[in-house]
Structure formats: structure tokens, C-alpha cells
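Undergrad: What follows is each chain in one-letter form.
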Amino acid sequence: MRTISRRTAVIGAAALTIALAVTGCSKASTGGSPSESGTGDGGSKNLNVVFIPKNLGNPYFDASDAGGKTAVGELGGKYSQVGPQAASPDAQVQYINTAAQQHASAIVISANDPKAIGDALTQAKQSGTKVVTFDSDTDPQYRDVFVNQASPEGIAKAQVDGIAKQIGDSGEIAILSAAANATNQNAWIALMKKDLAADHPNIKLVDTVYGNDDDQTSFDKTAALLQTHPNLKGIISPTTVGIAAAARYLSTSDKKGKVALTGLGTPNQMREYVKDGTVKEFYLWNPTDLGYLAAYAAAALVDGTITGKEGDSFKAGKLGDYKVGANGEVLLGDPTAFNSSNIDQFNF
Amino acid sequence: MSTTTYRAYAHPLWRRLLLTREAAVIALVVLVSMWAYSNVPYFGDTLTLTYLLLDTTTILLIALPMTLVVITGEIDLSVASVVGLSSATMGLLHEHGVGMALACVVALLVGVVCGALNGFLVGYVGLPSLAVTIGTLALYRGVAVGLLGTTAVTDFPKDWTSKASQVIGSSGIPSVMIVFAVLAVVFILLLHFTPFGRGVYDIGLSSEAATFSGVSAKRTKLVLFVLTGVVSALAGIYFTLRYGSARGDNATGLELQVIAAVLLGGVSIFGGRGRLPGVIAGVLLIGVISSALRLQGVTVNVISIIIGLLLVLSVISTPVLARLSDAAARRSRAKRSSAGPQTVVSQ
Chain G
1 MRTISRRTAV
11 IGAAALTIAL
21 AVTGCSKAST
31 GGSPSESGTG
41 DGGSKNLNVV
51 FIPKNLGNPY
61 FDASDAGGKT
71 AVGELGGKYS
81 QVGPQAASPD
91 AQVQYINTAA
101 QQHASAIVIS
111 ANDPKAIGDA
121 LTQAKQSGTK
131 VVTFDSDTDP
141 QYRDVFVNQA
151 SPEGIAKAQV
161 DGIAKQIGDS
171 GEIAILSAAA
181 NATNQNAWIA
191 LMKKDLAADH
201 PNIKLVDTVY
211 GNDDDQTSFD
221 KTAALLQTHP
231 NLKGIISPTT
241 VGIAAAARYL
251 STSDKKGKVA
261 LTGLGTPNQM
271 REYVKDGTVK
281 EFYLWNPTDL
291 GYLAAYAAAA
301 LVDGTITGKE
311 GDSFKAGKLG
321 DYKVGANGEV
331 LLGDPTAFNS
341 SNIDQFNF
Chain B
1 MSTTTYRAYA
11 HPLWRRLLLT
21 REAAVIALVV
31 LVSMWAYSNV
41 PYFGDTLTLT
51 YLLLDTTTIL
61 LIALPMTLVV
71 ITGEIDLSVA
81 SVVGLSSATM
91 GLLHEHGVGM
101 ALACVVALLV
111 GVVCGALNGF
121 LVGYVGLPSL
131 AVTIGTLALY
141 RGVAVGLLGT
151 TAVTDFPKDW
161 TSKASQVIGS
171 SGIPSVMIVF
181 AVLAVVFILL
191 LHFTPFGRGV
201 YDIGLSSEAA
211 TFSGVSAKRT
221 KLVLFVLTGV
231 VSALAGIYFT
241 LRYGSARGDN
251 ATGLELQVIA
261 AVLLGGVSIF
271 GGRGRLPGVI
281 AGVLLIGVIS
291 SALRLQGVTV
301 NVISIIIGLL
311 LVLSVISTPV
321 LARLSDAAAR
331 RSRAKRSSAG
341 PQTVVSQ
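So the sequences go chain by chain: G and B. For the record, in the first sequence the residue sitting at position 31 is 31 according to my numbering, with numbers rising by one throughout. For the record, in the second sequence the residue sitting at position 83 is 83 according to my numbering, with numbers rising by one throughout.
These are calculated hints, taken from the structure and not from any lab test. As the structure is a prediction and not an experimental result, all values here were calculated from the model. You may find that some hints are simply not true.
[Unchecked claim] Below, computed lysine-lysine pairings styled on BS3-like, alpha-carbon distance capped at 30 Å:
{"#": "1", "chain 1": "G", "residue 1": "Lys309", "chain 2": "B", "residue 2": "Lys158"}
{"#": "2", "chain 1": "G", "residue 1": "Lys69", "chain 2": "G", "residue 2": "Lys323"}
{"#": "3", "chain 1": "B", "residue 1": "Lys163", "chain 2": "G", "residue 2": "Lys115"}
{"#": "4", "chain 1": "G", "residue 1": "Lys204", "chain 2": "G", "residue 2": "Lys193"}
{"#": "5", "chain 1": "G", "residue 1": "Lys204", "chain 2": "G", "residue 2": "Lys125"}
{"#": "6", "chain 1": "G", "residue 1": "Lys125", "chain 2": "B", "residue 2": "Lys163"}
{"#": "7", "chain 1": "G", "residue 1": "Lys125", "chain 2": "G", "residue 2": "Lys69"}
{"#": "8", "chain 1": "B", "residue 1": "Lys158", "chain 2": "G", "residue 2": "Lys115"}
{"#": "9", "chain 1": "G", "residue 1": "Lys157", "chain 2": "G", "residue 2": "Lys309"}
{"#": "10", "chain 1": "G", "residue 1": "Lys165", "chain 2": "G", "residue 2": "Lys193"}
{"#": "11", "chain 1": "G", "residue 1": "Lys157", "chain 2": "G", "residue 2": "Lys258"}
{"#": "12", "chain 1": "G", "residue 1": "Lys115", "chain 2": "G", "residue 2": "Lys125"}
{"#": "13", "chain 1": "G", "residue 1": "Lys125", "chain 2": "B", "residue 2": "Lys158"}
[Unchecked claim] Facing chain G, a subset of chain B residues (Cβ under 8 Å, in silico):
{"#": "14", "residue": "Asp45"}
{"#": "15", "residue": "Leu47"}
{"#": "16", "residue": "Gly149"}
{"#": "17", "residue": "Thr154"}
{"#": "18", "residue": "Ser165"}
{"#": "19", "residue": "Gly169"}
{"#": "20", "residue": "Arg219"}
{"#": "21", "residue": "Tyr243"}
{"#": "22", "residue": "Ser245"}
{"#": "23", "residue": "Thr252"}
{"#": "24", "residue": "Gly253"}
{"#": "25", "residue": "Leu295"}
{"#": "26", "residue": "Gly297"}
{"#": "27", "residue": "Thr299"}
C-beta: ideal position from N, C-alpha, C; glycine also.
Please build the complete structure, drawing on both the sequences and the hints.
TA: Have a look at this one:
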């Protein structure tokens, strides 16, 4: 004990000496000011875009951020992707603060909470960083522009037109939704009913059932739908959980290929059902294009082409021209159709 | 274990203070800060200090009572759920028009109740705290999420939310640090300078021996779990105001960050050993490392790996040092013909 103490004493003393020495050194070097050398690389006009997804390791955001990386590369800027492991707002705040301190020219973020990251974004804006939200918005006052993946009208129309195409524009259809009180689902269903009444008078919506975004419930509701409505020709499921469960049921039933199924789904979940012929075509926005557009919007804010007010317009590389709409929203466009010809190009 | 602890008192006070694990952690905080100060761009800004302290306040607060709990040989895994429950309570009350001050008081009372349930089950029923608090971790979180569902309450008055991230003058130090400093002093006095605090160590070293020497392990544990509950609830109030958002899932997973910091600060998971200054340094060390690495553009998984390795190394270092020290003691005993009083005890 005694000798080890002496040894530790030596180590401790050495550590303290080093600490004091380092303190002395860095005090001296404060003359050279580390913060000054810091602003040196941040103060230049180079485009430096920081992508902050809801969380890392999420295939959806890997796809969107890959689009962002391509766009920033095309613009000759510096791209980085940082973010928390778990999708929580407090963890995102740390990355917003860091990006603001580094004087990043823009932050492109999918918000984990519309309000909780607000103060951090406001501070970032005050220090000159432009803020673009994509996928999931904050309250409008906290960001410059929101790049919206799809409008409710576009989402409704894509699915109605899709089912009409697949069943020959006439016959009975049903909707398999998520929860009965899900706001976005109900908004889409209302718009789909409007579209059906206006453009597809021979298609009859006979039932709307709710799978609560639960795989088993959605599976059971699909089975029940097919039993109660023997003449059913098609199902629309505007939820990724619902469409996957319905496809799983259909793929093993004798209705496979006879009852059409479409809706909103992700390529990774739906791949096998497209390949085995259960599903012809389904829809979702393309996250890679979403990230690409968000990066171009960020660059346009940085170089002053747009300020985020309604009517501003900018060019987004291969996607063409875009306009800022009401509330600083930029709309990506119509959803992308996924079918056997293109599904293997996507991984999310 | 006990012999090591008492043997340490054979050294003069200055040496005991200088050579402890916490001294090493404090030195490490200083060294890492100095390195980052001169090598990491923007680390020298006062903003770094502000953000670092704002981000670690929740952990700093909960680490205080957690240290005492771990020194008794127990653990409280439900703290982050209490943060969530306190946050959800505040949100729910505010939504129903209850005044902010009253909402905060009720949130603190919720913390007392949560802690009392843990403390009763551990202290008086005699159940293992690991099992009890894994249960209440799920229970309290479930209630918290149930209270608010998937919604968040965000319309807290601005004069309350702005206080949470307010800074003292131009120092860059958040005002909430005053609350922490007061609590830190209270807990340091309680643990290191009162009979209650000595009881805490006694229970950790040997619960039976502590009981024989007149320390009530039951009551002490109940008090400690209640303290942990109420401080976690306070942290929940801070968390809610800082982000202006009350959600049932606030601070999910925070319990492991608190316990990691406590262990890094030199507290033994088996109880009986550890000091608060070391724990505070442990929290700051993790904060400084994360902050510096983030500013360097290091990704979150690499930061996790580094902090994880640091924690494992610090845990390994304790038995390794103890073995080295025993070997050295034996050597020095062999050399001396007459043994000093401190060599009478050995393992």
C-alpha cells in the first residue's frame, strides 16, 4: 500500500504538473485565440450543410440523406450527417447547438418534436445558420423553409388513380386504414372519397376498416373484409403497416392476384409481394429526392436566392424548378409509384 | 473491501485527497478540457460551456442522490421514468389550467410518491432494488405515456421556459447551476459530514454490521429513494421547461447515463465506496468528451464507443490497482522487520 501510494503520488504529481503546464500553455496560446482560428474556416463563404435526421441508422433517413449528399456534392459544398441514436428531441438539440457553434451555413433537419427543438433552431438562425426542415416540420417560426414530401391531395389522388387503373375503373373497393382517429389518414380518406365521386363514378367504396397500425389487427381486418364483401375487387391501405399486413394475407389466400391492393408502403416491406404478384403498384414519396430537394433549398437560402417567403423560386438540380408556397413550404411533388420495374432501385 | 477502506486512513489527509479515484477523474476533466480548448475549434467559446452545462444538468442533478443509493449497494433504474412522469404531470396540469407553481409542486410530490414506493419495497419489504426499479421503470413510464398519450404539451409560459436556459450575466454559466450548486453542497454535507452519511457507507460495506451499530438500513434506504425520486422530479421540471415540451417519453434511457457517470466517478457498484466530487467530475468528464468530439464532427456511435471504453477501463482499473497495491504492501512488509499498524489488516 505504501509503495503503491508513493508511485501513485508520483503519477498524480506528474498529472497535475502536466495539467498546470497545459493550462499555462493554452493561456499563452489564447493570444493566438483558438476561437479566432475557429472562425477562420467557418467565416468563409463555403457551403456547409449539416443534415440532422430523426435518428441515425434509419434506412429512410439514410436514403434521404444520401440525396442530400449528392446535391451538396453537385454544389461543391461540404456535407455532413450527424444526429442521435434514438429519435428524441433533446438529443437533437445538442447537434443543432453544435452546428450553430460551427457556423454551418445550413441545417437540414427532420424534427423529433415541433416545439422542443425550437429555441435551439432560433439561436442557430440568429448566428446566421439557415434552417430547412424536411419530412417532419417544426412550428413555422423556427425554420426558414419546410420541404414537404407530398400534399394530401397528391397522396389521395395517386392511390385512387392507382386502384382505378388496376381494377379497370369499376367495381367494389374498401379502405384499410390505421386508427379511426388518425388525423392524416382521415384527411386522405375524405379526399379519396371526393376523387372517387368526381372522377370514378363506377367504383364503389363499400367499407372502411381500421387496423390501428397493428400488424395482426390489420391482417385480421383484411381477412374479414374479403369474407364480408365477396365481390371486392380492390383494397387501398394508406398506411405502411396496413398494406404490408394486407399483402401478407392476400399472398397466401386464393384471392391473390384477383383482389388488387395498393396504398402507401415502403419498398423493403413490399418487395416480396411485388415480386410474387400480390401487389402490382404502390406509392410513397421518394426520400432520396426529398433530401436532394432539401439540400438545394438550403443552398438557395444560403446564397440568398430565396428567403423563405411565398413566391420565391429556385432551381433544384435534376428535379427542376421549385416555388416556395404558403407558410414557407416547398412541395416535393406527386408520390413515386413503386412496381416490379423499379422496386430494386430502392432500399428503405 | 473494508480493510482497503480503513487502511487508506493511515495516510495524511492531503495525500488521501490527492490520490483518490476522484482526484484522477477531476485531473482527467481538466486535462481533456485543456486539450480541447487548444485543439478543438469553437470549444473555447463561452457558448460551449453554456450548452455543456445545460445538457448535463439533468444528469448532474440525478447523479447526486443516485451516488448515495449506489454507495448503500442499491441502484435506482426508475429515475428517467420519474423524469418522464414529472414532465407528463406538469403538462397535464398546465393543460387543465393549473398554475405553473402548483403544477411544479405536484410534479415534485409525484417524485416523492414514486421514490417512496421504491424505498418501501427495497427497504421495508426487502426486495432487491435492481428488480424493483426495473419494474417501476416500466410502471412509471407507462403511466407517464398514458397520461399524455402521443401528444406533447408545449404552450408553457415564456417567462418560465426562458428561466431554464437563462445565463448568469456574461459568464456563460446557466442560472440553473445555482440550484445544482446548492443541492450539491447539501448532498456533500449529508454524505460526507453527517452521521447519516456515515450510515450510508456502513450499509454499503455491511448491512448487518450497520444494523448492529445502530444504523437503520430500512429507514436510510427509504429516505435515499425518496430523495432520488424528488430530485428526479425536479430534473423533470427542468427538462420540461428547458425544451418547452412535456412528453411522457421525455428523457427515455437517461438512467443509464446517470449510472455510467456515477461509476465513472469512482463509486463502487457493490457499495461502500465513492465520493460526490468524483461523481460530479464523472458527469462533467462525459459531457466535456461528448461536447469536444461533437464539435470535431465525430459521429454519435464513435462517441458512445469512447465513453463506453472509458467506463470499462475505469471499472477494470479498480481491482487491478487493488491487486497491485496488495502486492506492493506484501513486498514492503517483507522488507521491514517490524510492521506498522496499517499492515495488521490484510487480505
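Undergrad: Could you run down the list of hints and mark each one as holding or not?
TA: Hints and how they fare:
1. G/Lys309 - B/Lys158: 27 Å, holds
2. G/Lys69 - G/Lys323: Within the cut-off at roughly 22 Å; holds.
3. B/Lys163 - G/Lys115: 17 Å, holds
4. G/Lys204 - G/Lys193: Judged against 30 Å, a Cα distance of about 10 Å means the pair holds.
5. G/Lys204 - G/Lys125: 51 Å, violated
6. G/Lys125 - B/Lys163: Distance of about 21 Å is within 30 Å: holds.
7. G/Lys125 - G/Lys69: 22 Å, holds
8. B/Lys158 - G/Lys115: 13 Å, holds
9. G/Lys157 - G/Lys309: With Cα atoms ~28 Å apart, lysine 157 of chain G and lysine 309 of chain G stay inside 30 Å; holds.
10. G/Lys165 - G/Lys193: Holds, at about 16 Å.
11. G/Lys157 - G/Lys258: The hint holds at about 23 Å.
12. G/Lys115 - G/Lys125: Cα-Cα ~15 Å, so holds.
13. G/Lys125 - B/Lys158: 19 Å, holds
14. Asp45: Cβ of aspartate 45 of chain B sits 6 Å from chain G, so the hint holds.
15. Leu47: Since chain G brings a Cβ to about 6 Å from leucine 47 of chain B, closer than 8 Å, the hint holds.
16. Gly149: Where the cut-off is 8 Å and the nearest Cβ of chain G is about 11 Å from glycine 149 of chain B, the hint is violated.
17. Thr154: 4 Å, holds
18. Ser165: 7 Å, holds
19. Gly169: Violated, about 18 Å.
20. Arg219: 35 Å, violated
21. Tyr243: Holds, because the Cβ-Cβ distance from tyrosine 243 of chain B to chain G comes to roughly 4 Å (cut-off 8 Å).
22. Ser245: The hint holds - serine 245 of chain B has a Cβ within 8 Å of chain G, the shortest such distance being about 4 Å.
23. Thr252: 6 Å, holds
24. Gly253: 6 Å, holds
25. Leu295: The hint holds - leucine 295 of chain B has a Cβ within 8 Å of chain G, the shortest such distance being about 6 Å.
26. Gly297: 6 Å, holds
27. Thr299: With Cβ-Cβ at 6 Å, under 8 Å, it holds.
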